[in-house]
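Protein chains in written order, with this note's numbering: chain A, 1 to 111; chain B, 1 to 378.
Hints are not guaranteed to be accurate.
In silico negatives: residues of chain A with every beta carbon more than 10 Å from chain B [what the hints assert, rightly or not]:
#1 6
#2 14
#3 96
#4 99
No more than 25 Å apart at the CA atoms, straight line, and that leaves these computed lysine to any residue pairs for SDA-like [claimed, not checked]:
#5 A/88 x B/181
#6 B/46 x A/19
#7 A/61 x B/37
#8 A/104 x B/43
#9 A/104 x B/44
#10 A/44 x B/78
#11 B/38 x A/79
#12 B/46 x A/26
#13 A/60 x B/316
#14 B/46 x A/38
#15 B/48 x A/26
#16 A/61 x B/53
#17 A/44 x B/181
#18 B/316 x B/340
#19 B/78 x A/19
#20 A/97 x A/108
#21 A/57 x B/50
#22 A/44 x B/34
#23 B/48 x A/19
#24 B/181 x B/139
#25 B/78 x A/26
#26 A/57 x A/19
Quick caveat, the hints were computed from the structure, so don't treat them as lab data. Don't be surprised by glycine CBs; every beta carbon is placed ideally from N, CA and C.
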Amino acid sequence: MVELLRDPVWQFLGVIATAAIAAIVYMLQRRRSILSYELRELEKRIDAYGSLVALLKGTKKKGEAMGERSGAVRSGELTHLLEADDIKSLRMLFQRKTQFFSSKLLDLWSV
Amino acid sequence: MVRLIEEDKYHKMGRIMQGAVSEGSRELFAHNLSEMQKVAESEFEKLKDRWEDIAGVRVFSSKLGSKGNRRSTRISGKGLLMIGLILIGVFVYRSTVISAYRIPPDPVYLAVGPPERVETGIKLSELRFIAYAYENRITICTYVDFVNGSKPHYFDFYLPFEVVAVSVRYNWTAITSDYHKDTVDGACSLVRANISEAESSMLSKRDYVYLDIYVQQLSAIERIGEKTVILSFGHPGSSDRFNSMKGYFRQPSVELSTLIPLQVTVGADKDSFFSSETSPAPDVQFLRSEPCFATWRIEFSGPLAGYYRSIYCTAKNTKLLEMRELRVFASGILISVGVSLLVEVELRPYLARHVRGDEQEDQTTKNRQSHGTAKTHE
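Same shape as in the complex, but just chain A (with noise of 0.2 Å):
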């Protein structure tokens, strides 16, 4: 063994495995870094996104239902009822999220 590590090839060999394995270690730590903060974002982004659906989705269900009652909504193509909470919610929600939100989505807000 002694000598194996006086071989200049086994040296030059174990420099070079040295080398890779510190290389393989440190992009698999950069990359799993970089993955979670890409994760992180995207459920950020997902988590702001999927409130925004389910409040309009809710919205849109209170909507139907009092259509069905009300013959002046239909006739005004109207679908979603808000609520003062849901107004309320969905102003919260483009106030803190608003970095989440695409600018399409932001100009529809800002309309």
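For chain A, the structure is supplied; the task is to place chain B on it using the hints.
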């Protein structure tokens, strides 16, 4: 009737609610919320796709031929190419730094006979033993002066090398010669040159004898750009190899170097120089643009007659040394590039598949939680 709740406070909502109607104090309808919902749902789906891509579900399933989340351990052609690159680099490095060792097992022994004729009928002068390190050639040359004219003589040269060819010249006329290898391992040879009575009668009074002996490997240690010649002179004694050739070795004989001083010369290629490891320091050294030579004068007379004489000479070629450094550099590049590309092409995706596969379950759980939040809102 259009009524906006707290229009001053919720002016944005007021704009959204254009065209809305109210059938109660708390109820509003809006047209453009449908478009907002469509956009939100569309982007929500895109985000989910993106998340799946990053989590490594679709990316690798498509690369694996749409076989789902199968994990492949096969090495692609690119990977094999990179492995080949690494192996070539290792081979280049190994062939560059490897040293070929062939230490002469016995000393050189130069003999001439028969002694009675040597003492009275032949006179040798300027005996030289020249070892051309880069040509694997040994030249033994001397002036021969026949005092009594036509008398047969013989030279027996025991060399610790594997001889492959011998050319003996006397005044440019070939004389009979042969060589034999030892029966132990063939590492030593006995070169015999005969000057018959008929041949010696053709000789002039004083002529120069050349013996060109080509050996398998002359240098004891050989690397690219470096050749180390180790030569010892003296009687081999009871060496097995020498004893195995006793039948060919003619007796009686006299050691040449006891008669006259022996000049040993090591010749190197041009662009070469002798390193400081050379020992002992040569008595004469020629350094020119042509092949350079280092010469030692060895005397076996006097109080040191019974001792061996050894020289250790390392000749280095500058151009080949530069090439060796370049090859080491190139092999390092080949190996590092091969390893990097192999990691990039094969290992990183392979490890990433496993890492992503392990992380996928955690991320799926988190995603379900976000979906659960959405359902709660619903």
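For each hint, the structure was consulted:
no.	hint	in the structure
1	6	13 Å, holds
2	14	12 Å, holds
3	96	14 Å, holds
4	99	14 Å, holds
5	A/88 x B/181	106 Å, violated
6	B/46 x A/19	40 Å, violated
7	A/61 x B/37	12 Å, holds
8	A/104 x B/43	10 Å, holds
9	A/104 x B/44	13 Å, holds
10	A/44 x B/78	38 Å, violated
11	B/38 x A/79	13 Å, holds
12	B/46 x A/26	31 Å, violated
13	A/60 x B/316	90 Å, violated
14	B/46 x A/38	15 Å, holds
15	B/48 x A/26	29 Å, violated
16	A/61 x B/53	32 Å, violated
17	A/44 x B/181	86 Å, violated
18	B/316 x B/340	35 Å, violated
19	B/78 x A/19	21 Å, holds
20	A/97 x A/108	15 Å, holds
21	A/57 x B/50	23 Å, holds
22	A/44 x B/34	23 Å, holds
23	B/48 x A/19	38 Å, violated
24	B/181 x B/139	18 Å, holds
25	B/78 x A/26	23 Å, holds
26	A/57 x A/19	55 Å, violated
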